[in-house]
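Given only the sequences and the hints, what does the whole structure look like? Please build it.
Protein chains: 2
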Amino acid sequence: MENDIIFVGKKPIMSYVMAILTHLNSGNNQVIIKARGSTISAAVDISQVTMHKFMKDLKISNLEIGTEELSDKDGKKRNVSFISIEMKRQ
Amino acid sequence: MENDIIFVGKKPIMSYVMAILTHLNSGNNQVIIKARGSTISAAVDISQVTMHKFMKDLKISNLEIGTEELSDKDGKKRNVSFISIEMKRQ
Chain R
0 MENDIIFVGK
10 KPIMSYVMAI
20 LTHLNSGNNQ
30 VIIKARGSTI
40 SAAVDISQVT
50 MHKFMKDLKI
60 SNLEIGTEEL
70 SDKDGKKRNV
80 SFISIEMKRQ
Chain G
0 MENDIIFVGK
10 KPIMSYVMAI
20 LTHLNSGNNQ
30 VIIKARGSTI
40 SAAVDISQVT
50 MHKFMKDLKI
60 SNLEIGTEEL
70 SDKDGKKRNV
80 SFISIEMKRQ
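From first to last, the protein sequence lines stand for chains R and G. For what it's worth, numbering that gives the first Met the number 0 labels the leading residue of the first sequence as 0, then goes sequentially. For what it's worth, numbering that gives the first Met the number 0 labels the leading residue of the second sequence as 0, then goes sequentially.
Think of the hints as simulated: they come from the structure by calculation, not from any bench. It cannot be assumed that every hint is accurate.
Identical chains share a label here; the pair holds if one copy fits it or two copies do between them.
Below, simulated DSSO-like cross-link-like pairs (lysine-lysine); rule was C-alpha separation at most 27 Å, straight line [what the hints assert, rightly or not]:
| id | residue 1 | residue 2 |
| --- | --- | --- |
| 1 | K55 | K75 |
| 2 | K75 | K87 |
| 3 | K87 | K10 |
| 4 | K55 | K87 |
| 5 | K75 | K52 |
| 6 | K10 | K33 |
| 7 | K87 | K9 |
| 8 | K33 | K9 |
| 9 | K72 | K10 |
| 10 | K33 | K55 |
See below:
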């Protein structure tokens with residue numbers, strides 16, 4: 000489960016798509032894409048490209064948005080939005 | 000229903016939050032935030048700020064992501080990711 004999570008950062012979208020395909024072609028049945036703040040849009044793109052262009056039997060099994068409290072490097076706390084997209088092979 | 004949709008563009012987040020609060024304080028029970036492409040992250044922020052800072056009885060009642068086909072100004076078609084966040088007062 001923990002092992003199924005792909006965190007989205009600043010790399011190009013296709014590198015996350017490739018990571019997901021590798022994960023799902025290595026005996027894993029599901030993947031969870033997690034992203035915070037401005038990378039949320041990229042997370043949605045990554046899910047859509049993976050499902051529609053590469054793995055047609057992949058479906059969204061759970062979708063969540065919410066707020067997490069993060070500490071920045073000065074120790075100040077701030078709220079950041081997140082998205083969590085769980086996808087399973089059918 | 001159609002009337003309940005707020006489309007997210009390039010304005011500051013708070014202007015959409017205000018539009019939602021006005022909508023919900025004018026006899027409407029629900030609102031749907033819709034966003035495409037890079038404004039998806041802002042849509043999530045808008046939902047979170049509205050729920051957590053301004054209207055604590057507001058809950059997410061439906062959440063959807065997907066792909067839409069759009070035509071650009073040259074008539075070329077391209078696929079764009081979207082998010083749709085439906086929220087209802089409890």
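So, going through the hints one by one against the coordinates:
1. K55 / K75: between (43 Å within a copy, 25 Å between copies)
2. K75 / K87: neither (37 Å within a copy, 32 Å between copies)
3. K87 / K10: within (23 Å within a copy, 36 Å between copies)
4. K55 / K87: within (11 Å within a copy, 33 Å between copies)
5. K75 / K52: between (41 Å within a copy, 19 Å between copies)
6. K10 / K33: So K10 and K33 pass the 27 Å test inside a copy (14 Å) and across (26 Å) alike.
7. K87 / K9: within (24 Å within a copy, 34 Å between copies)
8. K33 / K9: both (13 Å within a copy, 24 Å between copies)
9. K72 / K10: Within one copy only: 22 Å inside a chain, 29 Å across chains, cut-off 27 Å.
10. K33 / K55: Close inside one copy (21 Å) and across copies (25 Å); limit 27 Å.
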